Every structure is written in structure tokens, then in C-alpha cells.
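Undergrad: Per the numbering used here, the sequence shown starts with residue 134, numbered consecutively.
Hints in this document: simulated from the structure, not taken from any laboratory. What you are looking at is a predicted structure, and each value in this text was computed from that prediction instead of being measured. All residues carry an ideal CB built from backbone N, CA and C; glycine is no exception. Please note: incorrect hints may appear among the correct ones.
[As the list claims (entries may be wrong)] So the derived label-pair ranges between C-beta atoms look like this: (1) Ile494 to Val356: 53 to 59 Å; (2) Lys431 to Glu470: 33 to 39 Å; (3) Lys469 to Pro311: 15 to 21 Å.
[Said to hold, decoys possible] Cut-off 30 Å, straight-line C-alpha distance, at most; resulting in silico cross-link-like pairs (BS3-like, lysine-lysine): (4) Lys431 to Lys351; (5) Lys277 to Lys290; (6) Lys323 to Lys469; (7) Lys469 to Lys431.
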Amino acid sequence: MHLSPLSAIGDGMDPGFGVYVHWPFCAAKCPYCDFNSHVRHQPVDQPRFVAAFLREMAEARELSGPRTVTSIFMGGGTPSLMDPATVDALLNGIANQWHVPGRIEITMEANPSSVEATRFHGYRAAGVNRVSLGVQALNDRDLKFLGRLHNVADALKAIRLAREIFPRMSFDLIYARPNQTVEDWERELKEAVSYAVDHLSLYQLTIEEGTPFYGLHKAGKLVVPDGEQSAVLYEATQEITASIGMPAYEVSNHARPGAESRHNLTYWRYGDYAGIGPGAHGRLTIGGAKVATATERKPEEWLRLVEQHGHGMIERELLDQEAQADELLLMGLRLKEGVDLARWQSLSGRDPDPDREQFLIEHGFIERLGNSRLRCTPAGMLILDAVVADLAC
134 MHLSPLSAIG DGMDPGFGVY VHWPFCAAKC PYCDFNSHVR HQPVDQPRFV AAFLREMAEA
194 RELSGPRTVT SIFMGGGTPS LMDPATVDAL LNGIANQWHV PGRIEITMEA NPSSVEATRF
254 HGYRAAGVNR VSLGVQALND RDLKFLGRLH NVADALKAIR LAREIFPRMS FDLIYARPNQ
314 TVEDWERELK EAVSYAVDHL SLYQLTIEEG TPFYGLHKAG KLVVPDGEQS AVLYEATQEI
374 TASIGMPAYE VSNHARPGAE SRHNLTYWRY GDYAGIGPGA HGRLTIGGAK VATATERKPE
434 EWLRLVEQHG HGMIERELLD QEAQADELLL MGLRLKEGVD LARWQSLSGR DPDPDREQFL
494 IEHGFIERLG NSRLRCTPAG MLILDAVVAD LAC
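Hey, can you work out the whole structure from these sequences and the hints?
TA: The following block contains the structure:
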């Protein structure tokens with residue numbers, strides 16, 4: 134799939150229509166990860182999976198109807214374990230089902246341990262024009278603690294290659310790691326900024342049930358920063374990134390103006406997106422109604438379902454307007470631009486509770502942007518879940 138150079142966002146507040154493709158395979162499972170990712174010790178039959186992805190795309194197209202795609206995202210798992218020919222086939226499959234203009238954002242997640250120049254050039258030739266690298270830390274001790282297969286030298290090599298080959302690049306870091314001081318994080322973040330082209334995703338380490346880290350934490354063998362220390366680290370993150378022209382546009386994402394992730398904005402602005410592949414979720418407007426979709430998580434079971442029935446979808450839930458209003462609030466308050474109040478009111482059928490809103494404004498957690506938008510303040514972002522819960526009541 135050959136596309137012209139990537140354009141800037143320039144989309145106002147349009148949520149757009151995205152296509153998400155989930156490649157579920159990893160070379161190793163990280164101890165903090167609760168994503169739908171699976172390790173296989175035998176080579177994955179990529180042509181067979183490609184055929185299944187293409188069949189599920191056709192089913193998604195039947196549900197969505199004709200749409201113009203505004204972004205494509207290949208996540209995982211580790212999509213950079215795919216052959217370039219696999220990526221090319223998947224992108225062509227999307228273009229066969231929906232209208233895909235030139236110059237849209239096409240992102241692929243990649244791990245530094247699976248990066249090599251020939252593969253990157255192959256992905257670029259297939260149409261990928263933005264890469265998101267799972268760097269996670271910039272010191273070897275913490276990379277080992279996080280279960281990563283790469284070291285800092287591998288990460289820097291991948292960053293250099295990405296900067297040379299792709300028009301846009303982002304990379305991820307995890308902070309609030311055990312024994313990490315604010316000074317440690319400031320040094321690491323300033324180093325990261327010197328490498329980044331236009332975007333950084335900066336996530337606090339969370340202990341998720343079902344992961345190896347959860348068991349260690351429960352047994353008292355893994356201690357992470359408490360709420361107060363995590364808040365200090367978060368505030369330092371905001372100050373440093375803002376000072377160098379990459380402010381937060383979402384609670385964990387930072388970009389130079391115009392370099393925000395177009396695809397992720399579709400999620401946070403509560404747009405439609407088709408989810409393709411094992412464990413992929415989607416939101417589609419079908420006959421004027423919003424439908425939440427989800428596919429089978431286990432790759433081989435998903436493959437069996439697609440080969441037998443044409444898709445691996447196991448959930449298709451019609452969302453009523455109240456549920457949509459709650460999701461709009463949950464996603465939109467993550468953004469610096471906030472929530473479109475008229476859209477929320479049309480879904481919920483009511484205005485925000487004046488007493489709750491006034492309470493949150495007086496305590497410095499939310500603010501109005503004129504009469505049209507509502508957003509969290511930096512203080513509100515620290516207690517985002519509580520703010521959302523209070524406003525949704």
C-alpha cells in the first residue's frame with residue numbers, strides 16, 4: 134500500500150473513523166503486562182492469520198458500511214514481529230474495504246528488540262508512516278526489572294532508525310518504578326526528550342491483577358511509589374514536557390503541536406473504530422445506534438472462529454444513550470481539550486448537576502471553557518476516575 138507523506142492533523146475536533154488491527158504475539162510476556170499478548174515458541178503461520186484478518190475486515194465493513202478511514206493503528210502484542218509482506222497485505226485489505234485517502238496516519242507499535250533496518254524499510258514501503266517504540270526505560274537495570282528483551286543500546290539504535298525512516302515517531306516510557314526518585318525521573322525524561330521527534334507516551338507503572346508483578350506486590354516483595362510520591366512524579370512530568378514544547382494533550386501523552394496521535398484522538402473524542410484481530414475492541418455506529426464489539430482473545434480460537442464463521446466477534450452490545458454519555462465523559466475528560474458539552478447533553482438528556490459541577494470547580498478539579506466545553510484541571514487529572522464518577526451521577 135503506497136501513500137503520500139503524512140499530513141498534520143488539522144482536523145479540528147472531528148473524531149474520525151479509525152481501524153485498529155491487533156497482532157497478539159510477543160517474543161516474551163512482560164511481568165507488568167495485562168494486554169492480550171501471547172508467546173508462541175513455534176513460528177506463527179502468518180499467511181493463515183492474514184487470511185483470517187482479511188475475512189474479519191470484510192465482516193467489519195458489512196457492519197460499518199462505507200466509511201472514510203482517518204487513521205490506522207497496528208498494536209499488540211508486538212506488531213514488529215510481523216513480516217513486512219504481512220503488514221502490506223493487511224493495509225491493502227483495509228483499503229479494499231473502506232476508503233483510505235493518502236496522507237492519513239498509519240501507526241505501528243514496535244519493540245526495540247525486534248527492530249532491524251530492513252524490516253523498518255519494509256514497513257515504510259508498505260505504508261506505515263508513524264512508529265511507536267516500546268522503550269519503557271533508559272537504564273539497563275530497570276529494563277531488566279521490567280522484563281524487556283532489549284537494552285539501552287538496542288533502544289537507541291531503534292530510535293535512530295525510526296527517526297531516519299519514518300516521518301513521525303513516538304516512544305513509551307514507564308515511570309513510578311520501585312525506588313525511582315523525582316531526580317532520577319527528571320534526568321531520564323530530559324534524556325528522552327533529546328531523542329524524541331514529536332511525541333512521548335509516559336505511563337505510571339500500575340500493578341494489574343493476573344500479572345507476575347501483582348503476585349509479588351501482594352506478597353510485599355514489590356514496592357512501588359505511594360499515591361503522594363506518584364503525584365509528585367506526575368507533576369514533574371508535566372512541568373518538564375511543557376517546558377520543552379511537548380505539553381500533555383492527554384493524561385499520559387505529550388506532543389509537539391500538530392503531532393498528537395490522530396488515531397488515539399479518535400478514541401478519546403469518542404469516534405467510531407473497527408477492531409480487527411484477537412481480543413480487539415471496536416465502537417461502530419450501525420443504523421444510527423452505537424455498538425460495542427469485541428473479539429475472541431485466544432489467537433488460535435479466534436482463528437478457528439474466523440475460518441468457520443467469517444469473524445471472531447463474541448460480543449456485540451447495543452449501547453443506550455446513557456452508556457454512550459458515560460463513555461464520552463470517561464474518554465473526553467482525559468484530554469486537555471475536554472468534553473463537548475452539547476454532545477454530552479444530547480446523549481445524556483440533561484445538564485451536568487449544578488451542585489456537583491460547582492463543587493468540583495470550587496475545589497479546582499474542573500473548569501469550563503466558555504459555554505461549550507468542560508475539562509479537568511491538572512489537579513483534576515490526578516483524581517480523574519473520581520471526577521468522572523462524580524459528574525456521571
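Undergrad: Next, verify each hint and record whether it holds.
TA: Now for the hints, and whether the structure bears them out:
With their beta carbons about 36 Å apart, Ile494 and Val356 fall outside the hinted range of 53 to 59 Å. Roughly 38 Å separates the CB atoms of Lys431 and Glu470, a value that falls within the hinted 33 to 39 Å. A C-beta distance of roughly 30 Å is found between Lys469 and Pro311, which places it outside the suggested range of 15 to 21 Å. Taking the CA atoms of Lys431 and Lys351, the gap is near 27 Å; set against the 30 Å cutoff, the hint holds.
For a cut-off of 30 Å, the pair hint linking Lys277 to Lys290 stands: about 18 Å separates their Cα positions. Proposed proximity of Lys323 and Lys469 is supported: the alpha carbons are some 22 Å apart, at most 30 Å. A hinted pair counts as satisfied when its Cα atoms are at most 30 Å apart, and Lys469 with Lys431 does not qualify at roughly 36 Å.
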